[in-house]
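Visitor: Here are the chains, one letter per residue:
There are 2 protein chains.
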Amino acid sequence: MNEERENIDTMIDEFISEKNYDEIAWKIEELLSEKNYRAVKDILSELNTVDLAEVFYEIEDRRLPIVYRLLPKELAADVFVEMDNEQQELLLKKFNDKEIKEVLNGLFLDDTVDILEEMPAALVKRILKQADKETRDSINAILSYPEDSAGTIMTTEYVSLKENYTVTDAFEKIRRTGPDKETIYTCYVTDKSRKLVGIVSARTLLLSSPDDKIEDIMETNVISVDTHTDKEYVAREIQRYGFLAMPVVDKENRLVGIVTVDDAMDVLREENNEDFSKMSAVTPSDKPYLKTSVFKIFLNRLPWLLLLMISATFTGLIISAYEDSLLAWPLLFACVPMLMDTGGNAGSQASVTVIRSIALCETYPKDAFKVIWKELRVSVMLGAVMSIVCFGKLMLIDSLYNDVTPVLAFIVSLALFITIILAKLIGSTLPLLAKKIKLDPAVVASPFITTIVDALSLIIYSNIALAMLG
Amino acid sequence: MNEERENIDTMIDEFISEKNYDEIAWKIEELLSEKNYRAVKDILSELNTVDLAEVFYEIEDRRLPIVYRLLPKELAADVFVEMDNEQQELLLKKFNDKEIKEVLNGLFLDDTVDILEEMPAALVKRILKQADKETRDSINAILSYPEDSAGTIMTTEYVSLKENYTVTDAFEKIRRTGPDKETIYTCYVTDKSRKLVGIVSARTLLLSSPDDKIEDIMETNVISVDTHTDKEYVAREIQRYGFLAMPVVDKENRLVGIVTVDDAMDVLREENNEDFSKMSAVTPSDKPYLKTSVFKIFLNRLPWLLLLMISATFTGLIISAYEDSLLAWPLLFACVPMLMDTGGNAGSQASVTVIRSIALCETYPKDAFKVIWKELRVSVMLGAVMSIVCFGKLMLIDSLYNDVTPVLAFIVSLALFITIILAKLIGSTLPLLAKKIKLDPAVVASPFITTIVDALSLIIYSNIALAMLG
Numbered sequence: 273m274n275e276e277r278e279n280i281d282t283m284i285d286e287f288i289s290e291k292n293y294d295e296i297a298w299k300i301e302e303l304l305s306e307k308n309y310r311a312v313k314d315i316l317s318e319l320n321t322v323d324l325a326e327v328f329y330e331i332e333d334r335r336l337p338i339v340y341r342l343l344p345k346e347l348a349a350d351v352f353v354e355m356d357n358e359q360q361e362l363l364l365k366k367f368n369d370k371e372i373k374e375v376l377n378g379l380f381l382d383d384t385v386d387i388l389e390e391m392p393a394a395l396v397k398r399i400l401k402q403a404d405k406e407t408r409d410s411i412n413a414i415l416s417y418p419e420d421s422a423g424t425i426m427t428t429e430y431v432s433l434k435e436n437y438t439v440t441d442a443f444e445k446i447r448r449t450g451p452d453k454e455t456i457y458t459c460y461v462t463d464k465s466r467k468l469v470g471i472v473s474a475r476t477l478l479l480s481s482p483d484d485k486i487e488d489i490m491e492t493n494v495i496s497v498d499t500h501t502d503k504e505y506v507a508r509e510i511q512r513y514g515f516l517a518m519p520v521v522d523k524e525n526r527l528v529g530i531v532t533v534d535d536a537m538d539v540l541r542e543e544n545n546e547d548f549s550k551m552s553a554v555t556p557s558d559k560p561y562l563k564t565s566v567f568k569i570f571l572n573r574l575p576w577l578l579l580l581m582i583s584a585t586f587t588g589l590i591i592s593a594y595e596d597s598l599l600a601w602p603l604l605f606a607c608v609p610m611l612m613d614t615g616g617n618a619g620s621q622a623s624v625t626v627i628r629s630i631a632l633c634e635t636y637p638k639d640a641f642k643v644i645w646k647e648l649r650v651s652v653m654l655g656a657v658m659s660i661v662c663f664g665k666l667m668l669i670d671s672l673y674n675d676v677t678p679v680l681a682f683i684v685s686l687a688l689f690i691t692i693i694l695a696k697l698i699g700s701t702l703p704l705l706a707k708k709i710k711l712d713p714a715v716v717a718s719p720f721i722t723t724i725v726d727a728l729s730l731i732i733y734s735n736i737a738l739a740m741l742g
Numbered sequence: 273m274n275e276e277r278e279n280i281d282t283m284i285d286e287f288i289s290e291k292n293y294d295e296i297a298w299k300i301e302e303l304l305s306e307k308n309y310r311a312v313k314d315i316l317s318e319l320n321t322v323d324l325a326e327v328f329y330e331i332e333d334r335r336l337p338i339v340y341r342l343l344p345k346e347l348a349a350d351v352f353v354e355m356d357n358e359q360q361e362l363l364l365k366k367f368n369d370k371e372i373k374e375v376l377n378g379l380f381l382d383d384t385v386d387i388l389e390e391m392p393a394a395l396v397k398r399i400l401k402q403a404d405k406e407t408r409d410s411i412n413a414i415l416s417y418p419e420d421s422a423g424t425i426m427t428t429e430y431v432s433l434k435e436n437y438t439v440t441d442a443f444e445k446i447r448r449t450g451p452d453k454e455t456i457y458t459c460y461v462t463d464k465s466r467k468l469v470g471i472v473s474a475r476t477l478l479l480s481s482p483d484d485k486i487e488d489i490m491e492t493n494v495i496s497v498d499t500h501t502d503k504e505y506v507a508r509e510i511q512r513y514g515f516l517a518m519p520v521v522d523k524e525n526r527l528v529g530i531v532t533v534d535d536a537m538d539v540l541r542e543e544n545n546e547d548f549s550k551m552s553a554v555t556p557s558d559k560p561y562l563k564t565s566v567f568k569i570f571l572n573r574l575p576w577l578l579l580l581m582i583s584a585t586f587t588g589l590i591i592s593a594y595e596d597s598l599l600a601w602p603l604l605f606a607c608v609p610m611l612m613d614t615g616g617n618a619g620s621q622a623s624v625t626v627i628r629s630i631a632l633c634e635t636y637p638k639d640a641f642k643v644i645w646k647e648l649r650v651s652v653m654l655g656a657v658m659s660i661v662c663f664g665k666l667m668l669i670d671s672l673y674n675d676v677t678p679v680l681a682f683i684v685s686l687a688l689f690i691t692i693i694l695a696k697l698i699g700s701t702l703p704l705l706a707k708k709i710k711l712d713p714a715v716v717a718s719p720f721i722t723t724i725v726d727a728l729s730l731i732i733y734s735n736i737a738l739a740m741l742g
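If you read the sequences in order, they're chains C and P.
Per the working numbering, the very first residue in the first sequence carries number 273; after that it's consecutive.
Per the working numbering, the very first residue in the second sequence carries number 273; after that it's consecutive.
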């Protein structure tokens, strides 16, 4: 028996390190059909809550409630919060009132709110009935903050201390209230009117003598954010300062909650995912790629492709308008893709750099002139080198299979020079403009800029050709 | 005097919340030229170490050593570590041996290594001379780990406990050794041969009774990584599990160090920056955009633009080869930009999604068939809708300014259909292939895929036209 247990242990360890959660799920389902609940419990007790949620994801819906009920009691709520929304909904619907109450008691407030936001109204009503009045009020308060604000991701469960406490008093309070707090590593010192006056870390407390007064050891240069501050900004500040938590205050500087580093990391991952998606003209999805359905992926991509295709009608229109000048010279026609691609690449180099810099809170719309001046110098240098190389390439390589005259090569190179400058200026200013008018800079990224640059560069190209060739 | 102090406080608070670090720097320089060192000290003591480093960045080089020496002693090393590499070098060169020793003593080992890696050899030699033998050995050990491995970002300064300790023993050890440890919030339990057998958080310690044995309260399902594990993977795991630190073990499962959450966040920010850069064909820079020189930006962008321009020679070659079939029909020619742009967009939608999914450790090369099957279905659906809309658009809109026949519209639509499918398949498989052969998936992102898709789609387009029109 003991040997069998050890075998399972080794197997599970291997599956976990390879992230083969489906294999663990199969093993569990096999044991369930053998009614070997003891072995299932053994496996479950071997796993971390995050890994358990991954395993649960692979378990059949009809078996999920059984497996969930086999979890050690103290892990149940922690696993629940890590689970997929659809599975949470499925479980909540199967739970009796007592089970709902148990989960609610085990969850931190910010997680409860996150879950409630994804559940259907009838279920939310049933859940809130099981919460005590205080919890219900706190939930409603968090739900009332504007979308994407610090208020929506903060938790109200922090340790607060008073200035006149001693270190011993502080530890006593931490021991008494700690189990319900999301973090006990940073404690917040407030005055009578709940105004935040200082912070003290558990580290400082542990390294101080028992009789030290909190007011003597606390840090008074407190950095805090407002409930209405954008959550991405809060997350970036937590990262920049290396904090474990950031206090959130209301308009009167009264402490109302904290944002912890793990939530900050989740916000940043989500925001990065969104930026990557938007920059490649895809509607962001909150599910991992392999877990997103084909139809959903199709829907996330279709509108953008359609929009961009239809806006490319302009380039068609321009080509048709100038077809006499372009079609007359095969070389000019053959260079259209090179010119368009280079313009697109030059534009996206600038736009992605600026979009990223805005996201990192390093560049603001007020820096527009600095950005334009910088990009102008960069683009003139790039344009000069690129057009010289292009001229050389046309005369030496393209002349092997096409009729190249110095005048034609000059037209292409000049158009390239102007296209690069235009692409850089448009690529760097559009995101700033978007930010200024409170749009998401990432949405005006490469694909849109490519479309605009394409149209402009074709007009310039054709006009240069017309002017020089008549 | 007191009022003046308060005025400065309010002003500084305002500058900080607006991130106007340059204004604080100007104020400091003004006070320095008045030799009002006391006021400078007051300002410095008001600021957080991270903000101090930002202010220092704006201070003139010649004044930097003076301002640095005015810092409160206990902050000096913490500020130093946050500073720009060039400023660190400047200060180290100005420091006498005693000052170098002080900074070394104040730094955590992982930070020391980060700084040394950026300094010129002669300076490194001088610095290492001031370190004691133990520190020097630890530094050399960290420097010997492979690039981008967990070993290079870990710190060896953690709290280790023994199984037979009581909670009181543990606190005693934390008090004694804590000040030199990077974190005291997670303690690591090791056996006689330094093998990692469990972890216990400061939270658990604080909430247990003084006589509890560590072996009874420690968590034994320990998740750890190897010294050679990729640092991005480690950072993602810290994020996924919501850990404050991740233990790092050697091949014999002996604990050698830990990676803390703040370093994990820095790794992720850096990796995200790199991915954004590479995806837009820019060599990544480790400086913020506005702080990077024009020439450096030029150098980061030029090689990629050149490479992509020269590879676009292929598309020119293809157009020249098929020019008879394409140039004969103005509509076919006018549709080239639309076809190329849509192919590029469709490809980058797939490639960015897959690159991101690989970066998040959600998709591996072993999933190639799942990915291909998924993208095949998505692309057939997208291709079908897109080509139907394209056909309609050509017949209804483009016919207003160009000669459109149903056969020509069909040729464009069919080429679009095939282009979208090809773009999706190439866009999704190339990053996986890159990962498989240990290249960075982000490098084969949109611009390269666009170039390949452009060439292929032009060949298909021309061949369809040739086959149908003769």
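Hints listed in this document are in silico derivations from the structure and should not be mistaken for laboratory results.
The model shown is predicted, which means the values in this text are computed figures rather than measured ones.
One or more hints might be untrue.
A pair counts as met if it fits within one copy or between any two copies, since identical chains are not told apart.
[Said to hold, decoys possible] Here are the simulated SDA-like cross-link-like pairs (lysine to any residue), alpha carbons at most 20 Å apart as the crow flies:
id : residue 1 : residue 2
1  : LYS563    : LEU632
2  : LYS445    : LEU478
3  : LYS568    : GLU406
4  : LYS445    : SER473
5  : LYS291    : THR499
6  : LYS638    : PRO344
Visitor: Look at each hint and say if it fits the structure.
Guide: Here's how the hints hold up against the structure:
1. LYS563 / LEU632: between (29 Å within a copy, 13 Å between copies)
2. LYS445 / LEU478: both (14 Å within a copy, 11 Å between copies)
3. LYS568 / GLU406: Classified as neither: same-chain Cα gap 39 Å, cross-chain 57 Å, threshold 20 Å.
4. LYS445 / SER473: So LYS445 and SER473 pass the 20 Å test inside a copy (14 Å) and across (18 Å) alike.
5. LYS291 / THR499: between (38 Å within a copy, 19 Å between copies)
6. LYS638 / PRO344: Neither: 55 Å inside a chain and 34 Å across chains, both beyond 20 Å.
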